[in-house]
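Colleague: Chain by chain, the residues run as shown.
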Amino acid sequence: MSNLNPTQALLQRWDARFKLLGLLALVLAIATINDPALLPLVLAIPLVLAFFSGLPPSFLLRRLRYPSLLIMLLLLWLPLAVGETPWLSWGPVTLYQEGLVAALLICGRFLGIILSALVVFNTTPLATTLKAMRALGLPWVLVDMALLTLRYLQVLRHDLHQMRTVMRSRGWQNRLRAGNLQTIAWLTGSLLLRSYERADWIYRAMRLRGYGHSNSRSPEFQAGALDFLLLAFTLGTALLLVLLSFM
Amino acid sequence: MHIADGILQLPVVAAGFAGAGAMTWYSLRQIKRQGDPRERIPRAALLTAAFFAASLIHLPLPPAGVHLVLNGLLGVMLGWFAFPAILVGLFLQAVMFGHGGLTSLGVNSLILGLPALLAWRLFHWRRDPEAGPTRTGWRGLLAGSGALAASLLLFMAALLLGLPAAYSQESALAALAVITAAHLPLIVLEGIIAGLLVAYLQRVKPAILNGI
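In the order they appear, the protein sequences are chains X and F. Under the numbering used here, the first residue of the first sequence is numbered 85, with each subsequent residue one higher. Under the numbering used here, the first residue of the second sequence is numbered -7, with each subsequent residue one higher.
To be clear, the hints were calculated from the coordinates, so they are not data collected in a lab. Do not take every clue at face value.
Simulated DEER-style distance windows between Cβ atoms [to be verified]: (1) 169/F <-> 312/X: 21 to 29 Å; (2) 245/X <-> 174/F: 43 to 51 Å; (3) 254/X <-> 177/F: 38 to 46 Å; (4) 305/X <-> 28/F: 36 to 44 Å; (5) 281/X <-> 28/F: 17 to 25 Å; (6) 180/F <-> 135/X: 43 to 51 Å; (7) 11/F <-> 267/X: 34 to 42 Å.
Every residue, glycine too, gets a C-beta built ideally from N, C-alpha and C.
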């Protein structure tokens, strides 16, 4: 949450449960788009969300720096291999119109979904988002697992980093050799062992603090008129996208 | 082996969510049948986090290098918890790092989760818990590479089903053949590491391989 502006932007104040429902409707609506004429609208949605999020544009651009490898492969492959109508020929290389449109659609949907998700998930702490999911009916086993995984992920990444630093200081080099594979396996094994043993005392500490004694839902979410209004607007936009894509 | 957002058609996205929802429901039902899950949740969560961290280990496989998937090993150690663990892991990866996708979360969970459960069954089938590290290691190798190979098959099936029918199936198959060939070394590598890792755990703490 360190990326947020100090002023409480509209999306930051929006009830996390309603925000999740709105995001779900939007990303599913974007996934239905098969008409390239709708791509400007698809890209306008996350831009509007970003405007009201209070997130600096540089943060969003930084997160988009590593697009999916599969997306990159499809963007290169589709215009070259799919379609019958030549769009551009250059020596033996021909770009086809149908493939280009397909690549644009995939790219547009990808950007629309990933940007919307980035904005939504970065305007609420992840732990609050998970609690909102529990409030929406997600099984408590999943939510508790997610919260604990989230809590200990940083600790374990730190452990792994330390273990690798120690290995490097003893002269280990990350090269593909039989001996190195054994070292990597043992490193991973040590990480799993540490986690396994750590889990027992964590459970005992959690029990001492009352874990499992109450199933009552957290009363921290209270929706107001603005929350309902924003949800209605988002659902309306999603519905409009779906209607336009089927017209 | 993650399918990103924007690639799959809506019916495949919906089928993925329905399948993942059904598998999660069934897994949770089996977990609750084995008794109160509260005691096992921290162990499952910490192992999920450990697998998450371990998947960040970079292996220098030319030309670019690869990351371990370890879904087979996760299945071996977590049993019925494996599917929810993979779902949680993929969700956190999508939200925190933008890897994978939100609309493809159901499909990706099935791609990695079903083979994890298969590996669990395969590993424990007629297994002697007192067997030595070498024999157990071979089981680990089979579970590790078998799970990844099954994931690759599911990944290709999802892509073939998910791309619109208008796209040439021949060129799609040719592209998928290239993807398969690129993944074969990873399947071998993952099997070797899973085998060595299981042999190590059998030597140091065999109880960890009996499930949580």
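Colleague: Against this structure, judge whether each hint is valid.
Modeller: Verification of the supplied hints:
A beta carbon spacing of about 51 Å between residue 169/F and residue 312/X contradicts the range 21 to 29 Å that was offered as a hint. In this structure, residue 245/X and residue 174/F break the distance hint of 43 to 51 Å, their C-beta atoms being roughly 29 Å apart. At roughly 28 Å, the beta carbons of residue 254/X and residue 177/F sit outside the given window of 38 to 46 Å. A hinted range of 36 to 44 Å for the beta carbons of residue 305/X and residue 28/F is inconsistent with their spacing of about 27 Å.
The given range of 17 to 25 Å is respected by residue 281/X and residue 28/F, whose C-beta atoms sit roughly 21 Å from each other. Checking the proposed 43 to 51 Å range against residue 180/F and residue 135/X shows it holds: the Cβ atoms sit about 49 Å from each other. A hinted range of 34 to 42 Å holds for the C-beta pair residue 11/F and residue 267/X, which are about 38 Å apart.
Violation of the numbered hints given earlier is confined to hints 1, 2, 3 and 4; the remaining hints are satisfied by the structure.
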